[in-house]
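**Student:** Input sequences plus hints: build the corresponding full structure.
Keeping their order, the protein sequence lines are chains Z and U.
All letters in the first sequence, in the order written, are residues 1 to 273 by the working numbering.
All letters in the second sequence, in the order written, are residues 1 to 376 by the working numbering.
The set of hints was computed from the structure by calculation and includes no laboratory data.
It should be emphasised that the depicted structure is a prediction, and the values quoted were computed from it without experimental measurement.
Built from N, CA and C at the ideal position, the CB exists for glycine as well.
Take these hints with a grain of salt, some might be off.
As the list claims (entries may be wrong) - DEER-style ranges, computed between Cβ atoms: (1) Z:Ala-37 x U:Thr-241: 55 to 63 Å; (2) Z:Ala-37 x U:Arg-251: 44 to 52 Å; (3) Z:Gln-189 x U:Pro-186: 42 to 50 Å.
Stated by the list, open to error - Using 27 Å as the maximum straight-line C-alpha spacing, the simulated BS3-like pairs for lysine-lysine come out as follows: (4) U:Lys-47 x Z:Lys-267; (5) U:Lys-47 x Z:Lys-271; (6) U:Lys-3 x U:Lys-47.
Claimed, not checked - Chain U residues, not near chain Z, derived (Cβ > 12 Å throughout): (7) Ala-6; (8) Asp-57; (9) Ala-97; (10) Pro-111; (11) Ile-192; (12) Pro-209; (13) Leu-231; (14) Asp-258; (15) Arg-286.
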Amino acid sequence: MAFDYDKYLRPGKLPHIWCPGCGHGIAMKGLIRAIDACGLEKNNTAIVSGIGCASRLPGYVDFNTLHTAHGRGAAFATGVKMAKPEMTVIVVGGDGDGTAIGGNHFIHACRRNIDMTYVIFNNSIYGMTGGQFSPCTPTGALASTTVYGNPDPTFDISKLAIGAGATFVARTTSFHATQIDKLIAEGIQHKGMAVIEVLDDCPTTYGRRNKFRSVIDMMKKLKDNAVPVAAAAKMTAEQLEGKFLTGVLFKEERPEYTEQYAKVIAKAKAKGA
Amino acid sequence: MAKKVALLQGNEACAQGALYAGCTFFGGYPITPSTEVAEVLSIELPKIGGKFIQMEDEIGAMASVIGASLTGAKVLTATSGPGVSLKQELIGYACIAEVPCVIINVMRGGPSTGMPTGPGQSDVQQAKWGTHGDHAAIALVPASCQEIFSETVRAFNLAEKYRMPVQVLYDEIVGHSRERIEFPEPGDLEVIDRAAPSVSPEKYKPFDPSFGDVPPLAAFGTDYRFHVTGLNKAADGFPTTKANLVDDEQRRQVRKVDAATDIELNEEYLTEDAEVIIFAYGSTSRSARYAVNEMRKEGIKVGLFRPITLWPFPEKRIAALAQQAKAIVVAEMNLGQMVLEVERVAKGACQISFLGRVDGDPINPGQIMEKVKEVK
Numbered sequence: 001m002a003f004d005y006d007k008y009l010r011p012g013k014l015p016h017i018w019c020p021g022c023g024h025g026i027a028m029k030g031l032i033r034a035i036d037a038c039g040l041e042k043n044n045t046a047i048v049s050g051i052g053c054a055s056r057l058p059g060y061v062d063f064n065t066l067h068t069a070h071g072r073g074a075a076f077a078t079g080v081k082m083a084k085p086e087m088t089v090i091v092v093g094g095d096g097d098g099t100a101i102g103g104n105h106f107i108h109a110c111r112r113n114i115d116m117t118y119v120i121f122n123n124s125i126y127g128m129t130g131g132q133f134s135p136c137t138p139t140g141a142l143a144s145t146t147v148y149g150n151p152d153p154t155f156d157i158s159k160l161a162i163g164a165g166a167t168f169v170a171r172t173t174s175f176h177a178t179q180i181d182k183l184i185a186e187g188i189q190h191k192g193m194a195v196i197e198v199l200d201d202c203p204t205t206y207g208r209r210n211k212f213r214s215v216i217d218m219m220k221k222l223k224d225n226a227v228p229v230a231a232a233a234k235m236t237a238e239q240l241e242g243k244f245l246t247g248v249l250f251k252e253e254r255p256e257y258t259e260q261y262a263k264v265i266a267k268a269k270a271k272g273a
Numbered sequence: 001m002a003k004k005v006a007l008l009q010g011n012e013a014c015a016q017g018a019l020y021a022g023c024t025f026f027g028g029y030p031i032t033p034s035t036e037v038a039e040v041l042s043i044e045l046p047k048i049g050g051k052f053i054q055m056e057d058e059i060g061a062m063a064s065v066i067g068a069s070l071t072g073a074k075v076l077t078a079t080s081g082p083g084v085s086l087k088q089e090l091i092g093y094a095c096i097a098e099v100p101c102v103i104i105n106v107m108r109g110g111p112s113t114g115m116p117t118g119p120g121q122s123d124v125q126q127a128k129w130g131t132h133g134d135h136a137a138i139a140l141v142p143a144s145c146q147e148i149f150s151e152t153v154r155a156f157n158l159a160e161k162y163r164m165p166v167q168v169l170y171d172e173i174v175g176h177s178r179e180r181i182e183f184p185e186p187g188d189l190e191v192i193d194r195a196a197p198s199v200s201p202e203k204y205k206p207f208d209p210s211f212g213d214v215p216p217l218a219a220f221g222t223d224y225r226f227h228v229t230g231l232n233k234a235a236d237g238f239p240t241t242k243a244n245l246v247d248d249e250q251r252r253q254v255r256k257v258d259a260a261t262d263i264e265l266n267e268e269y270l271t272e273d274a275e276v277i278i279f280a281y282g283s284t285s286r287s288a289r290y291a292v293n294e295m296r297k298e299g300i301k302v303g304l305f306r307p308i309t310l311w312p313f314p315e316k317r318i319a320a321l322a323q324q325a326k327a328i329v330v331a332e333m334n335l336g337q338m339v340l341e342v343e344r345v346a347k348g349a350c351q352i353s354f355l356g357r358v359d360g361d362p363i364n365p366g367q368i369m370e371k372v373k374e375v376k
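**Tutor:** Listed below in structure tokens is the structure:
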């Protein structure tokens, strides 16, 4: 039997705002399958976002949902998780939202290793505002604010997350649809900050401008340049030039923030008694 | 039984007031002269199983308290002028999404970094107009340590009752003064808890005006699942751009405060027969009270009007006093912010005289007496 997505969607809140060919829908379906696989209770799950195309996701899914201000998803989510650690907290959002205006909240959520799952939809562009370049737009690429080619160096979100202290970091793409749910599910089950970067495509404001003739061309690029971590281990630096790794990039066990704070409470209570 | 008393700093009294009101979550970012509020709560909250988090910046701090409030917690953040400026976008978020939270602003001078250890009263208009868009505002301005305690409790009550951010503004002098404070026993001061929905989860809509101008707010992690957004929205919480729904929603959120009768709180001292009325708040009002006593000895008919609720502005009472008095002298530690409000509501009925100071020193009684004596 086909997977029943309707069980997790809000009747009447579709169609979504995403353009034809956008990868966000594929990523959202992956997220729903992951939640189902983990057996999460709707009432006990909060899905938090910032502002942007990807950040509209919480409106479509039937959980405790919080669509916040631009870049602030991780900070709102930190408040939710701290106040109610028994809840499963998932943050979703785009690359501009998460690594530009929200960069500070993102790196500090990673540093704390607070138990949340941050799914970052990296389509290399600000889609909702019409295609301005983001910290993840490739150098040289065209955007509405880089018509002469993007002069900025590019963030590697996964490396940023690992460097900042996230204890589970994985990357996949909207082409690798069946891998999305597996990695998000692993992230949800991981105790600590899990970052899952989903490279996807924005045909409308990125592809069109950067000479991708079709959505299929964009998907093909994601397919051809993805190298699974295990395969990459056997490849030379030259062979890996221009490619990106997919799969679980980093995983370690380290004390989780709300558990650490529970120890603070225990100490304070013992002292107060 | 004798009340428990202590010698407390204003900021410490604020933290104690928050605990009395049932605060269980503090999210903040260090900034002078407000830091003692955070320091005390970092010690006290975990003792009762509450949470303290020092966030990465002021914006994150404001975000964290809104997130925590949505789980049902009573929440607080404390900051000062530059920090409030950074929080403004999210204060607006808390307005439109109707999320209860209390923001302490220990005022210093400005603009920008200004004088971090000097007092100011320069954020009083920021408390009303700081964020963008049309919205209601509640701001309280206590003038003593005891009053910081009670007004912090009242701020939580108003936040929970009207489902919105409430700001408590006091200047550095009040925040860092040490005074004797009497701790109220549980029950001495009213403590209001958030109204819970009375309908089934299926029928619950977080912004449904059929529940009244302040619809009940459910908590994340209960049977009530709902959507929260900073976008204009319909009763069910989902975005809309339908003109009538947007208009209704915006007007309801302003009306809930406009129509309230339990927010305004003032103190009047010898105003019955006063020909000159001093309008002063915070530490300035204490200098003003001293000045009133001195001038009464000289036979000058002068009184003090001290707002404890600054926003909404006490329009009716000031309008009435403007009819009665020859002049109102507005004294404040800025170059003229509340004087504009007094002028607005006095509508030319009496002379309005202004005394401002921005050099980091308090306005002293002598200056106020001099100003009052200039009134013709």
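**Student:** Does each hint hold? Answer for all of them.
**Tutor:** Each hint tested on the structure:
Checked against the hint of 55 to 63 Å, the pair Ala-37 of chain Z and Thr-241 of chain U fails, with Cβ atoms roughly 36 Å apart. A hinted range of 44 to 52 Å for the beta carbons of Ala-37 of chain Z and Arg-251 of chain U is consistent with their spacing of about 46 Å. For the pair Gln-189 of chain Z and Pro-186 of chain U, the supplied restraint of 42 to 50 Å holds, since their beta-carbon distance comes to about 43 Å. With a C-alpha separation of about 8 Å, the suggested pair Lys-47 of chain U and Lys-267 of chain Z falls inside the 27 Å cut-off, and the hint holds.
Restraint check for Lys-47 of chain U and Lys-271 of chain Z: satisfied, since their Cα atoms lie roughly 8 Å apart, inside the 27 Å limit. Taken as a hint, the Lys-3 of chain U and Lys-47 of chain U pair is honoured in the structure, with Cα atoms around 22 Å apart against an allowance of 27 Å. The Cβ of Ala-6 of chain U sits about 17 Å from the closest Cβ of chain Z, beyond the 12 Å cut-off, so the non-interface label holds. Distance to chain Z contradicts Asp-57 of chain U as a non-interface residue, since its nearest Cβ pair spans about 6 Å, not more than 12 Å.
A Cβ of chain Z approaches the Cβ of Ala-97 of chain U within 12 Å, the least distance being about 9 Å, so the stated non-interface status is violated. No beta-carbon of chain Z is positioned within 12 Å of the beta-carbon of Pro-111 of chain U; the least distance is around 23 Å. Every beta carbon of chain Z lies more than 12 Å from that of Ile-192 of chain U, the smallest distance being close to 19 Å; the non-interface claim holds. Distance check on Pro-209 of chain U: its Cβ is at least 20 Å (rounded) from any Cβ of chain Z, clearing the 12 Å threshold; non-interface status holds.
Not every CB of chain Z is more than 12 Å from the CB of Leu-231 of chain U (nearest about 7 Å), against its label as outside the interface. With a cut of 12 Å on Cβ distances, Asp-258 of chain U stays outside the contact zone with chain Z, its closest approach being about 26 Å. Separation of Arg-286 of chain U from chain Z is adequate, the least Cβ-Cβ distance of about 35 Å exceeding the 12 Å criterion.
In this structure, the earlier hints numbered 1, 8, 9, 13 are contradicted, and the remaining ones agree with it.
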